[in-house]
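Dock chain W against the given chain X, drawing on the hints supplied.
Heads up: the sequence lines are chains X and W, in that order. Each residue of the first sequence is one higher than the one before, counting from 1 in full-length UniProt numbering. Each residue of the second sequence is one higher than the one before, counting from 1 in full-length UniProt numbering.
Simulated from the structure, these hints should not be mistaken for laboratory data. Each residue gets a CB set at the ideal place from its N, CA and C atoms; glycine is no exception. Do not take every clue at face value.
Which chain X residues face chain W? A few, computed with CB under 7 Å, are given here [as the list claims (entries may be wrong)]:
1) 2
2) 88
3) 106
4) 180
5) 185
6) 207
7) 210
8) 212
9) 250
10) 254
11) 257
12) 263
13) 288
14) 293
Protein chains: 2
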Amino acid sequence: MYVRVNEVGPRDGLQSQGKTLTVDARAQLVKALVDAGIRYLEAGSFVSSKAVPQMAGTDELFGRLSDINHVRYAALVPNMRGYELATASGARVVNVVLSVTDTMNRKNIRLSLDETADVCAAIAERGRREGIEVQAYLAVAFECPFEGRVDPEVVATFAHRMNDAGASKLIIADTIGAANPTQVRQVLDLIVPELGAERLSCHFHDTRGMALANITAAVDRGVAEFDASIGGLGGCPFSPGATGNVATEDVVLLLNSMGLDTGIDPLDLVPLVRLAEELTCVTLGGKSFRWLAQEYNRTHGGDRHGG
Amino acid sequence: MYVRVNEVGPRDGLQSQGKTLTVDARAQLVKALVDAGIRYLEAGSFVSSKAVPQMAGTDELFGRLSDINHVRYAALVPNMRGYELATASGARVVNVVLSVTDTMNRKNIRLSLDETADVCAAIAERGRREGIEVQAYLAVAFECPFEGRVDPEVVATFAHRMNDAGASKLIIADTIGAANPTQVRQVLDLIVPELGAERLSCHFHDTRGMALANITAAVDRGVAEFDASIGGLGGCPFSPGATGNVATEDVVLLLNSMGLDTGIDPLDLVPLVRLAEELTCVTLGGKSFRWLAQEYNRTHGGDRHGG
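If we strip away everything but chain X, and leave its shape as in the complex, we get (with noise of 0.2 Å):
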């Protein structure tokens, strides 16, 4: 079975660095990603490049993307504006979140839960009338870091109401990392039935080391795709405690051994990860990632930035 891995790197991960890259740069890392296997990836965001400046020139990247016709780039954008300037740099997907927790959204970007929905939903109608495929996140889908443990009839409810707006897919999300396989079935146990595994992906942060555990449960429940950050890298600024997107290298090396197919060597994310260190001045690599690296060198003779 393939299963989607989405390399949310080069928006989540970067977005939340104390070191602002270059477009150059960051068209640099997208470019050895997709060189790598990688065919769905989250590109950038089109935000105000006074709060998130590490995003700054997203317009810019998108006119250098490659191989657009054989990789799924998508863009983040937080309202209607951002739509349109997303669409008319050329993306063809465009992210929206909502959180499902009304403290969340109003310490995140200042609107109540509804207001936030109305927002996504408007976007998610536009995009369906537009061919544009429009992407949700349920963003503190498991637990808020303002107001805890979420019902997962909660997550069910606001999962129906972007399906019924002309959301292509819906992607759970463990913005903190505070999720536990239990609740990961719960949510899906819900959500799946009605609106089919093929519509979900997941999302989760590695925080407190259960994100693999998680997509073990969520891939029982029949889902297919998971987001993932090249070495872990980012982690979400406007989330007390957030720290910490599971890793690519250590969900493709699950998937594969489990017999899954994602397209990806994990050993072609050793170069990767390096280059996202040098790129961004900060350690990175996930749980398996030192087990990977000796593996790396073993096989490519120790040639530390071949293959």
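Then chain W, alone, in the frame of chain X:
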């Protein structure tokens, strides 16, 4: 549901350390683990102190163990002489290790697979006669560093052999951390229906970051006992590439989060990881440790070594 966490740090963890701890230090670590709620613990091994100096004085250690009516202390033995030494020192639970590939046994203990199985079976039979529980580890049950992937049928064959000999428990061990959830399900689907999940335990290493995913798969198949090592202490000195027992704090946090009952508060393990670090002079801590330590410091007022 109660799930047993069997702490193996004082044996499996310490035996591979460069620094050999005094019996005093080992007894201090064991007592601190018991004080934190650990009720199942592999305290040491009765092996040649020439071959494994880290385990010298395990007889003395067994004489000092506290709460022996409430804590299930086990001793690893390599042969009948070890069994006799262990039981003479008061051990009521004895562990034997049967690697399920021929090469692993020859490289590890210079016996063939059949010879090792005979030794383990004889110990299990004697234990049954003498009222001593003998637990049989089925090592390299998923992958052997010398022979590669292991056929689940082979694991099942030796599980039955040890069961027939009188072993009280069968511990499926991923000695080199190469297992994945699909394999775990395959092996358990062969063994659980015939021997019962309550007779099984699993021992995972986190070398490739998949231990918690594997535990999730095993819980799903009814397994309710898992080995773990405080802070991830240890590995297997005889297995190339075998680093990283899964950390006790990671296992406890996962299981508790899933709504299972381990009887242990993961925050109580934070000072234990620090104690193990001080005693062994190595940096320890599982995947969740950074988060747990933050939580610990937040809830314990930053008193680094407090209760």
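(request) Run the structure past the numbered hints and jot down the numbers of the failing ones, going up. (result) The structure conflicts with hints 1, 2, 3, 5, 12 and 14, although it agrees with all the remaining ones.
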